[in-house]
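Peer 1: Take a look at the letters that make up each chain.
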Amino acid sequence: MTTSIEPGQELPGFSHVFTRADLVRYAEASGDDNPIHLDDEKAAELGLPGVIAHGMLTMGTALRVVTDWIGDPARVVSYQVRFTKPVVVDPLTGAEVSFGGRVTAVNDGIAKVSLEATCAGVKVLGAAVAEVRLD
Amino acid sequence: MPISEVHQGRTYPATAPLRVTRERIRHFAAALSDADNPAYAGPDPIAPPTFAVVLSSAAWGAMFEDPDLGLSLSRTVHVDQRFTWQRPLRDGDEVTAVLTIERVRPRGATAIIGISVELQTTAGEPLCTATSTLMHTSEESA
Chain R
7 MTTSIEPGQE LPGFSHVFTR ADLVRYAEAS GDDNPIHLDD EKAAELGLPG VIAHGMLTMG
67 TALRVVTDWI GDPARVVSYQ VRFTKPVVVD PLTGAEVSFG GRVTAVNDGI AKVSLEATCA
127 GVKVLGAAVA EVRLD
Chain W
2 MPISEVHQGR TYPATAPLRV TRERIRHFAA ALSDADNPAY AGPDPIAPPT FAVVLSSAAW
62 GAMFEDPDLG LSLSRTVHVD QRFTWQRPLR DGDEVTAVLT IERVRPRGAT AIIGISVELQ
122 TTAGEPLCTA TSTLMHTSEE SA
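Heads up: the sequence lines are chains R and W, in that order. Residues 7 to 141 in my numbering are what the first sequence lists, from first letter to last. Residues 2 to 143 in my numbering are what the second sequence lists, from first letter to last.
Read the hints as simulated data drawn from the structure, not as lab findings. Mixed in with the good hints there might be a few duds.
Examples of chain W residues lying across from chain R (beta carbon under 8 Å, computed) [claimed, not checked]:
#, residue
1, H28
2, F29
3, S34
4, D35
5, A59
6, F65
7, R83
8, S117
9, Q121
Here are the computed distance ranges between Cβ atoms for each label pair [as the list claims (entries may be wrong)]:
#, chain 1, residue 1, chain 2, residue 2, range
10, R, V128, W, E126, 21 to 31 Å
11, W, A36, R, D96, 36 to 46 Å
12, R, G77, W, P3, 42 to 52 Å
Quick reminder that beta carbons are idealized off the backbone N, C-alpha and C, glycines included.
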């Protein structure tokens, strides 16, 4: 894995359409059953146009850019994000989010990867950085 | 009295142990549409890295139930999240989580709250540190 990983390297991205069913499944798997992810009325009470994806679902999905690339998820040593904008999930069409990543530094066998997640051209994660062990 | 600087350093008892099972791993990987990664299946599966949120969010419960703080999850915004792992969580681990309030910055009706959650096995092996910044707005201003 240590060969030919250089700062500036772009990682293969992907896009995912989050559906309401994804949110139900994530709520069950994670234990986060906050109604703003499941119930339009509760979301509206907080001024949202509709239910929003769990920030942690977006965070977890974005990390696939790293784990699909590196193969073994056990190599991930740290990961951080800021939740900058909610992802509003339409009941019929869902919400398409595009994910990508770029190696920004390689030091002492650890690669730093900067991740991007955008929905309708808007960044939904900020300062998203994963550190990955290469040895 | 709402949450303030005086609550910095407050630590809560560990959560009840949660057993990481291949079933939980499979469900979580599927919920991330990531069930195809072989690390999450087979004879000795590991959990997806962000599975740690199952434990860290369970640990939030004690803080939100603390009557001294007057917090409500519905008035809370999750601003940022960080995980550092000592090793992956894997099938068979019995894991507990301990939450500490690291810092509180009141700004009028709003408080910025920094918390850290330490995940470890019931045998005391450290697994992961999950730190979060939360923004809480007190009821009076709602």
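Peer 1: All hints, please: hold or fail.
Peer 2: Verification of the hints:
1. The interface hint given for W:H28 is met, as the beta carbon of that residue sits about 4 Å from the closest beta carbon of chain R, less than 8 Å.
2. Nearest Cβ of chain R to the Cβ of W:F29: about 5 Å, under the 8 Å cut. The hint holds.
3. A distance limit of 8 Å between C-beta atoms decides the matter here; for W:S34 the minimum to chain R is near 6 Å, and the interface restraint holds.
4. Because the smallest distance between the Cβ of W:D35 and any Cβ of chain R comes to about 6 Å, under 8 Å, the interface hint for this residue holds.
5. Annotation: interface hint on W:A59 holds; nearest CB of chain R at approximately 7 Å, less than 8 Å.
6. The beta carbon of W:F65 comes no nearer than 12 Å to any beta carbon in chain R, farther than 8 Å, and the hint placing it at the interface is violated.
7. Among the interface hints, the one on W:R83 holds; its C-beta lies about 4 Å from the nearest C-beta in chain R, closer than the 8 Å criterion.
8. Annotation: interface hint on W:S117 violated; nearest CB of chain R at approximately 13 Å, more than 8 Å.
9. Taken as an interface hint, W:Q121 does not check out: its beta carbon lies about 17 Å from the nearest beta carbon of chain R, beyond 8 Å.
10. In this structure, R:V128 and W:E126 break the distance hint of 21 to 31 Å, their C-beta atoms being roughly 41 Å apart.
11. The hinted window of 36 to 46 Å between W:A36 and R:D96 is violated, with their beta carbons roughly 25 Å apart.
12. At roughly 47 Å, the beta carbons of R:G77 and W:P3 sit within the given window of 42 to 52 Å.
Consistency with the previously given hints fails for numbers 6, 8, 9, 10 and 11, ordered from lowest to highest.
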